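Asker: When you get a sec, could you build the whole thing from the sequences and use the hints?
Keeping their order, the protein sequence lines are chains A and B.
Per our numbering, the very first residue in the first sequence carries number 1; after that it's consecutive.
Per our numbering, the very first residue in the second sequence carries number 1; after that it's consecutive.
If you are wondering where the hints come from, they were derived from the structure by calculation, not from laboratory data.
Note that the structure is a prediction, hence the values are computed from the model and not measured.
Derived lysine to aspartate or glutamate pairs resembling EDC-like cross-links, with alpha carbons at most 20 Å apart: (1) A:Lys151 with A:Asp165; (2) B:Lys68 with B:Glu141; (3) A:Lys49 with B:Asp205; (4) A:Lys244 with A:Asp258; (5) A:Lys85 with A:Asp121; (6) A:Lys249 with A:Asp239; (7) B:Lys68 with A:Glu6; (8) A:Lys49 with A:Asp66; (9) A:Lys85 with B:Asp205.
Single-letter residue listing:
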Amino acid sequence: MKRRNEVLVGLLTLSAIIIVVLGSIWIARGGLTTGYRLYVKFPWSAGLKLGQPVLLGGVTVGFVEDVDLREEGIVVTTINITINKPIPRTVVAVVEPNGVFGDKQVALRGVPSKNSWQKGDTIPAAIEAAGIDALVARMDTASGRLADVVKTVKLKMVDEGGIEDLRKTLAKMNTLAGTLGQVVQDQSSNLTLTMAAVRKGASALDSTMIDSTVRNLRATTATVAKLTEDLRGTTARVDALLAKADTGKGTVGMLMNDPGLYNDLRRLTMRLDTLTAEFKKDPRKFVKLSIF
Amino acid sequence: MSERPRDQPVPRETAELSSIDRAAVGFFRPYARLTFGFFAGIGKRAYFLRDTLRAFGEVGTWWPEAFKHMRSIGVDSVPLTCLVAAFIGSVIALQTRYQLFPGIQLSVVGFISRQMITLEMAPLITALVLAGRVGARITAEIGTMRVTEQIDALETLAFDPVAYLVVPRIIAGLLMLPVLSILANAIGLVSAWATASMATDVTSDQFREGLRLGFTYFQVVYSVLKAFLFGGAISFLCSYEGYVTDAGAEGVGRATAKAVVFGCVAVLILDALTAVLLAPYLQS
Numbered sequence: 001m002k003r004r005n006e007v008l009v010g011l012l013t014l015s016a017i018i019i020v021v022l023g024s025i026w027i028a029r030g031g032l033t034t035g036y037r038l039y040v041k042f043p044w045s046a047g048l049k050l051g052q053p054v055l056l057g058g059v060t061v062g063f064v065e066d067v068d069l070r071e072e073g074i075v076v077t078t079i080n081i082t083i084n085k086p087i088p089r090t091v092v093a094v095v096e097p098n099g100v101f102g103d104k105q106v107a108l109r110g111v112p113s114k115n116s117w118q119k120g121d122t123i124p125a126a127i128e129a130a131g132i133d134a135l136v137a138r139m140d141t142a143s144g145r146l147a148d149v150v151k152t153v154k155l156k157m158v159d160e161g162g163i164e165d166l167r168k169t170l171a172k173m174n175t176l177a178g179t180l181g182q183v184v185q186d187q188s189s190n191l192t193l194t195m196a197a198v199r200k201g202a203s204a205l206d207s208t209m210i211d212s213t214v215r216n217l218r219a220t221t222a223t224v225a226k227l228t229e230d231l232r233g234t235t236a237r238v239d240a241l242l243a244k245a246d247t248g249k250g251t252v253g254m255l256m257n258d259p260g261l262y263n264d265l266r267r268l269t270m271r272l273d274t275l276t277a278e279f280k281k282d283p284r285k286f287v288k289l290s291i292f
Numbered sequence: 001m002s003e004r005p006r007d008q009p010v011p012r013e014t015a016e017l018s019s020i021d022r023a024a025v026g027f028f029r030p031y032a033r034l035t036f037g038f039f040a041g042i043g044k045r046a047y048f049l050r051d052t053l054r055a056f057g058e059v060g061t062w063w064p065e066a067f068k069h070m071r072s073i074g075v076d077s078v079p080l081t082c083l084v085a086a087f088i089g090s091v092i093a094l095q096t097r098y099q100l101f102p103g104i105q106l107s108v109v110g111f112i113s114r115q116m117i118t119l120e121m122a123p124l125i126t127a128l129v130l131a132g133r134v135g136a137r138i139t140a141e142i143g144t145m146r147v148t149e150q151i152d153a154l155e156t157l158a159f160d161p162v163a164y165l166v167v168p169r170i171i172a173g174l175l176m177l178p179v180l181s182i183l184a185n186a187i188g189l190v191s192a193w194a195t196a197s198m199a200t201d202v203t204s205d206q207f208r209e210g211l212r213l214g215f216t217y218f219q220v221v222y223s224v225l226k227a228f229l230f231g232g233a234i235s236f237l238c239s240y241e242g243y244v245t246d247a248g249a250e251g252v253g254r255a256t257a258k259a260v261v262f263g264c265v266a267v268l269i270l271d272a273l274t275a276v277l278l279a280p281y282l283q284s
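Answerer: Here it is, written out as structure tokens:
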């Protein structure tokens with residue numbers, strides 16, 4: 001009986017040890033086969049953790065086995081390739097969202113190639129596309145700004161009485177709109193009357209008279225045009241005369257431009273003045289009157 | 001409770017107090033007794049723990065008995081543990097799947113099932129079930145020996161009753177509960193996997209993908225450590241209640257019920273403590 005107890009307890013304990021060891025390895029490695037390891041250097045904030053799937057062409061080919069945070073701003077990620085297939089050398093590793101709640105997965109993107117990555121190689125990492133995280137961050141920013149706007153609106157509109165002011169303004173606007181409506185109504189009736197008067201005046205005009213007036217206006221315009229033409233000819237001739245006078249030609253030109261003639265006339269005028277004065281002083285010197 | 005019967009004489013120590021003071025003393029007396037009783041209970045168990053640790057040195061006394069109790073606590077509890085773990089795993093997988101709303105990847109079912117079963121459910125439920133099955137049995141056995149004066153007889157024969165009765169049970173509890181918890185983990189996860197794959201739209205690959213997500217070996221250590229603490233607490237408290245039993249068969253029954261309650265409460269308190277202390281180290 002005692003031996004039996006020991007055997008049973010030993011079996012149970014051994015079973016538990018085997019279960020815990022193999023089970024942990026199986027869960028951690030995704031199976032009891034070891035696969036092979038590749039490395040990727042992602043920048044910080046890649047959001048990776050152990051066990052996340054690694055996909056090639058949309059098919060799970062492995063999982064993230066280890067994540068090593070380095071001080072130089074990179075995360076050295078060990079990926080375990082569990083399938084017995086080569087990974088083309090043209091692929092690059094990208095961290096992309098898995099689902100809508102921020103979980104991640106590593107996608108190996110590229111085209112098929114005969115060359116393949118070997119065990120222990122480091123696959124280049126590519127820039128990840130904007131995913132759910134980026135959208136959520138953008139939404140967070142937007143919602144934060146919206147909250148600020150709401151807070152400001154509340155401060156201005158509620159706390160500082162903006163709504164009350166707005167209400168008063170609206171009341172005044174209503175009053176103004178009523179007044180304007182009244183004015184428009186009055187002006188509209190006046191305009192209606194004016195338009196009626198205009199129509200009445202227009203209907204009173206005699207078209208024959210207008211036609212006659214228009215004809216007279218045309219005749220007057222033609223006369224004015226002829227007069228203008230004559231005036232233009234006269235002006236041309238006067239211009240020619242003036243030009244001739246300016247050049248000193250002809251009598252007028254010589255009168256206007258000869259200084260000798262001017263001096264002679266001055267002297268003649270002075271002599272006439274002297275003669276007139278002497279005549280007034282002693283007329284008998286010049287006039288001898290004898291009747292008989 | 002604080003009311004004193006009219007025909008009962010006033011206690012001598014309060015006879016000279018005014019009626020208001022007597023009322024105040026009468027009001028606070030039960031609470032004071034309760035408080036003193038609480039601390040006295042802790043102190044008695046501390047002394048018992050000291051005696052138990054001292055008795056660990058008498059290997060020749062407890063070693064022959066240890067395997068018998070290991071079989072009783074461990075091997076005989078395997079069917080019940082497997083049954084409970086299988087149902088727990090199945091229910092967790094189903095509930096997790098049907099609580100997910102569209103947009104969440106289905107591998108989450110495997111992840112949540114693993115986390116719940118490994119970190120919480122397997123050790124906790126196993127401990128609670130065994131607190132009823134094994135704890136009651138330990139208390140009843142030791143209590144009956146106390147009532148029938150077999151423990152006194154052991155002392156007369158120069159046997160250390162603690163080393164002979166208590167230590168093997170505590171050793172068995174400490175070692176077998178982790179073993180049962182590991183078994184419960186495995187059965188629970190297999191059950192969850194089978195349920196998720198067969199009864200829901202979660203595929204086997206998705207479940208396995210979630211099973212791997214964020215897994216660290218410390219999670220297994222955490223589960224085993226919790227079971228180790230639970231096993232020790234249950235076997236120790238139940239042994240104590242049996243060891244201090246008196247007042248005949250009725251006392252044994254009362255002690256058994258008390259032991260089960262204390263064992264369950266201790267398991268829950270330890271569960272909370274381990275979560276508070278060790279949960280930060282569980283992050284992958």
